[in-house]
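If you want the building blocks of each chain, they are given just below.
Number of protein chains: 2
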Amino acid sequence: MNLTGKMLIGGQAVAGMREASHGIDPASGLALEPAYAGADAAQLAQACALAWAAFDVYRETTPAQRAQLLETIAEEIEALGDALIERAMQETGLPRARLQGERARTCGQLRSFARTVLAGEWLDVRVDPAQPARQPLPRADLRQRQIPLGPVAVFGASNFPLAFSVAGGDTASALAAGCPVIVKAHSAHPGSSELAGQAIVRALARCELPAGVFALLFGSGRAVGQGLVGDPRIKAVGFTGSRAGGLALCRAAQNRPEPIPVYAEMSSTNPVFLLPAALQARGDALAQGFVGSLTLGAGQFCTNPGLLIAVQGPALERFVARAADLLQQSAAQTMLTPGIWAAYQAGADSLSTHAATVACGLPASGPNQCQALLLRVSAAEYQANPALQAEVFGAAALIVQCRDEAECLQLAEALEGQLTATLQLEDGDIALARSLLPVLERKAGRILVNGWPTGVEVCDAMVHGGPFPATSDVRSTSVGTAAIQRFLRPVCYQDLPDVLLPPALQHGNPLALRRLVDGMREA
Amino acid sequence: MNLTGKMLIGGQAVAGMREASHGIDPASGLALEPAYAGADAAQLAQACALAWAAFDVYRETTPAQRAQLLETIAEEIEALGDALIERAMQETGLPRARLQGERARTCGQLRSFARTVLAGEWLDVRVDPAQPARQPLPRADLRQRQIPLGPVAVFGASNFPLAFSVAGGDTASALAAGCPVIVKAHSAHPGSSELAGQAIVRALARCELPAGVFALLFGSGRAVGQGLVGDPRIKAVGFTGSRAGGLALCRAAQNRPEPIPVYAEMSSTNPVFLLPAALQARGDALAQGFVGSLTLGAGQFCTNPGLLIAVQGPALERFVARAADLLQQSAAQTMLTPGIWAAYQAGADSLSTHAATVACGLPASGPNQCQALLLRVSAAEYQANPALQAEVFGAAALIVQCRDEAECLQLAEALEGQLTATLQLEDGDIALARSLLPVLERKAGRILVNGWPTGVEVCDAMVHGGPFPATSDVRSTSVGTAAIQRFLRPVCYQDLPDVLLPPALQHGNPLALRRLVDGMREA
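Chains as they are written, first to last, in the UniProt record's numbering: chain A, 1 to 523; chain B, 1 to 523.
No lab work stands behind these hints, which were simulated from the structure alone.
Hints are not guaranteed to be accurate.
Label pairs and their calculated CB-CB ranges [what the hints assert, rightly or not]:
no., chain 1, residue 1, chain 2, residue 2, range
1, A, Ala281, B, Pro510, 24 to 34 Å
2, B, Leu137, A, Ser220, 30 to 40 Å
3, A, Asp40, B, Pro503, 53 to 63 Å
Even glycine gets a Cβ: it sits at the ideal position worked out from N, Cα and C.
Let's have the full structure, built from the sequences with the hints guiding it.
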């Protein structure tokens with residue numbers, strides 16, 4: 001364990017010049033050493049200058065080189081061993097098994113992007129060869145590839161200290177695309193961030209790539225975060241966090257002389273529709289599945305099921321009674337930070353003011369522990385009251401009771417954009433599910449049947465995204481290999497001699513890509 | 001010829017309830033009949049409601065149905081015959097042959113998107129089958145496809161009354177993606193717009209598709225344009241026009257409760273680098289090519305070469321003398337509208353204040369005719385003066401003279417984002433070209449060697465886009481088949497039974513798509 005309290009700029013440990021802060025052990029409330037001082041404007045500018053200088057070199061590395069970097073980062077993270085897990089446990093209150101799983105996910109994600117880079121489909125090579133004899137006008141030789149946008153600012157998330165943080169999905173996909181990355185560490189886990197950052201620095205050195213490809217900064221969102229988004233050398237932003245935080249970054253990015261894309265994953269209540277036949281057939285199992293998903297990791301997941309929608313009646317009452325039973329036995333759990341705990345308390349209080357409490361979990365037995373909470377309202381009350389529609393980050397959920405199926409459909413139409421929407425159904429529900437599906441496709445990035453939304457697979461088909469306010473850019477996913485597309489743009493090359501063409505576009509196709517040539521996909 | 005002066009809403013001709021305006025024949029300055037009254041708020045809302053109601057139906061049409069629609073629109077436009085060409089000539093001052101070519105391009109573009117829709121790659125189908133036995137956790141069945149964003153507002157461009165207007169590239173790509181389209185016609189060519197709109201309405205009827213899939217509105221940018229962008233049922237915007245106009249739409253789209261993507265193609269000076277060996281070897285031919293490209297269509301192209309960059313010396317002086325000769329013989333040409341003519345005069349005056357005039361074309365012999373203009377400045381003067389860097393829409397160009405190759409490179413770095421950048425080179429210029437290429441890739445959407453940027457091929461490999469301010473979204477192209485991607489978003493389906501999956505994702509692969517299954521592309 002080698003924590004210095006320093007930032008990483010140009011491959012060097014650099015002490016921040018602004019005010020320092022400590023990670024806090026939420027289980028004890030005590031500050032953890034060392035202190036982490038924030039970047040001042042000059043340090044931020046230096047990281048941007050180095051990223052900018054590294055960009056033209058890094059973006060023309062071969063797919064093999066870039067895959068090697070991603071795999072080497074995974075190796076270096078694994079080489080950190082228990083030191084990383086133990087520091088992350090201290091900083092987050094999350095249990096060992098969860099963090100070991102998250103580390104496996106983080107390294108698997110890096111290796112998955114390595115395979116994606118090597119497969120080369122992200123280059124989307126299109127070739128329309130010259131037709132010098134075409135009438136009335138000849139056609140030039142036209143070739144298109146995707147190139148990276150430029151240096152990317154990544155904001156670490158509070159709830160995944162590894163998988164959505166320094167070496168997480170945003171960093172992995174940006175590096176895969178060919179973009180240098182500057183991470184602003186989340187203040188909740190500076191030590192874990194430093195360790196992961198050191199792993200990336202070592203991997204860059206081992207791969208003999210420019211140190212400017214990566215930097216890790218500490219500091220406040222206002223100073224360092226806004227400073228990064230405002231720097232002209234930053235060309236895209238990846239963020240996972242609150243709606244207010246994401247919207248502030250979007251505004252800053254839009255107000256630049258050159259606006260840039262912001263991929264902010266912000267807020268979602270993840271509606272689960274308990275359809276009538278399913279509720280009738282397996283209300284007990286649904287209650288068990290629901291309470292398990294709601295309370296997993298103290299409910300601190302973007303895809304936590306915060307909204308249950310069902311038609312009123314005896315089957316719903318049986319479900320509610322069973323869920324209440326289970327919830328009342330659920331232990332209080334330590335939340336990630338005192339700030340997140342306080343926000344949960346405020347959110348739970350607000351919900352309790354506007355909705356009837358069904359059940360509470362067991363009370364807290366230590367600092368920063370949250371008590372699970374289940375409430376219910378009518379569909380009419382829910383729609384009339386924006387306070388009920390806001391995400392409460394943590395293990396709180398609202399049951400919305402509809403008069404009939406028509407009101408379920410109408411409620412679906414009234415929902416804001418979501419990361420996920422779930423249908424619990426049996427054969428008898430297929431007709432209703434068919435009516436709901438087109439609505440849910442317009443509302444969510446991922447639609448589940450007979451599952452629970454927590455648990456986001458890293459794979460080609462995953463979408464962790466969705467319409468506003470779930471994210472700031474409905475065209476994107478922040479999990480899964482399609483996330484690389486966020487950091488690419490097309491460039492067309494007209495009549496360039498082979499000697500000037502990049503390898504992906506050369507006539508001999510040295511990268512052996514399956515190009516789209518004259519409208520036909522190569523075998 | 002069947003011009004009614006009416007809008008098209010729900011397949012019906014509807015008289016606008018706001019103030020009326022006329023197209024103007026720029027060659028005579030006279031108003032053309034009929035008058036076109038603008039949409040009021042209720043009419044605009046009606047078009048949006050119909051588009052919204054049609055969306056869920058239209059977006060689930062089969063690729064074959066959608067391809068048939070696009071081909072039928074092309075047929076119906078061809079069936080308009082000379083009436084369309086003659087009306088467009090009157091409204092734009094453009095010559096017959098140009099408009100015939102533009103019609104062929106428009107219909108070819110529609111048919112090209114029909115082929116793209118049928119090929120199905122735009123669906124980007126990804127399948128990660130369930131792994132129920134996986135340890136430590138099973139994997140669900142995950143399937144991803146692209147779905148359309150929703151109704152799209154398209155703003156017709158002044159300079160392509162057919163190819164970038166009612167049935168132009170934005171409309172064709174949005175319809176191909178599965179989005180209903182509401183076009184705000186450009187006030188410069190309402191009659192051509194009405195004819196093209198009627199063709200689309202007839203095609204929808206022939207294909208038995210909902211009339212709400214298309215609407216054509218007249219009216220001002222402030223009332224109808226901002227009204228469309230502000231309507232919650234509009235989910236994306238396509239625009240080709242001025243920087244001020246595009247930025248106003250971007251602001252409106254960002255300030256909605258639910259921000260939406262705006263694809264605005266705005267401004268570009270399209271730098272052409274005359275590299276030393278090329279200038280030495282073929283200065284005369286370059287002068288001819290340049291003056292031809294500059295004055296083509298009165299310079300009214302987004303890709304007009306408004307900026308020439310070269311190292312000072314005798315070869316440049318010979319080029320300048322020859323270009324001046326040719327330019328002085330170039331006839332004045334009628335511009336598209338009195339407003340565009342006035343803006344050109346103002347822009348040319350501004351350039352003349354800040355740069356030395358090299359040559360002017362022949363003077364005007366009728367209303368709204370522009371005189372070509374060539375000026376020169378030093379690289380230092382150019383960089384110091386933002387007034388020299390603004391696009392002047394029309395046949396005006398600036399020669400920027402550099403002290404040496406290093407200053408050429410430095411000037412390239414200082415350029416704003418561009419649609420195109422061109423290198424005129426010979427073998428002796430390859431080293432300099434290699435230095436310039438990475439810079440130009442960061443600055444432009446299309447890079448040409450030994451060509452001229454006017455002339456934008458409609459094909460798979462084309463990029464008509466580029467960094468801000470060339471466009472508002474560097475990740476996109478508005479010409480070529482990749483334009484369809486602007487109007488799509490991914491959705492993931494987890495564990496849906498086959499009976500609920502869309503055909504593109506069903507286990508039997510009824511659309512015979514080449515899916516990405518477990519990371520492998522199907523043959």
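Hints, one by one, checked against the model:
Restraint check, A:Ala281 to B:Pro510: a C-beta distance of roughly 30 Å satisfies the suggested window 24 to 34 Å. The supplied range of 30 to 40 Å is met by B:Leu137 and A:Ser220, whose beta-carbon atoms lie about 37 Å from each other. Taking the beta carbon of each, A:Asp40 and B:Pro503 are about 57 Å apart, inside 53 to 63 Å as hinted.
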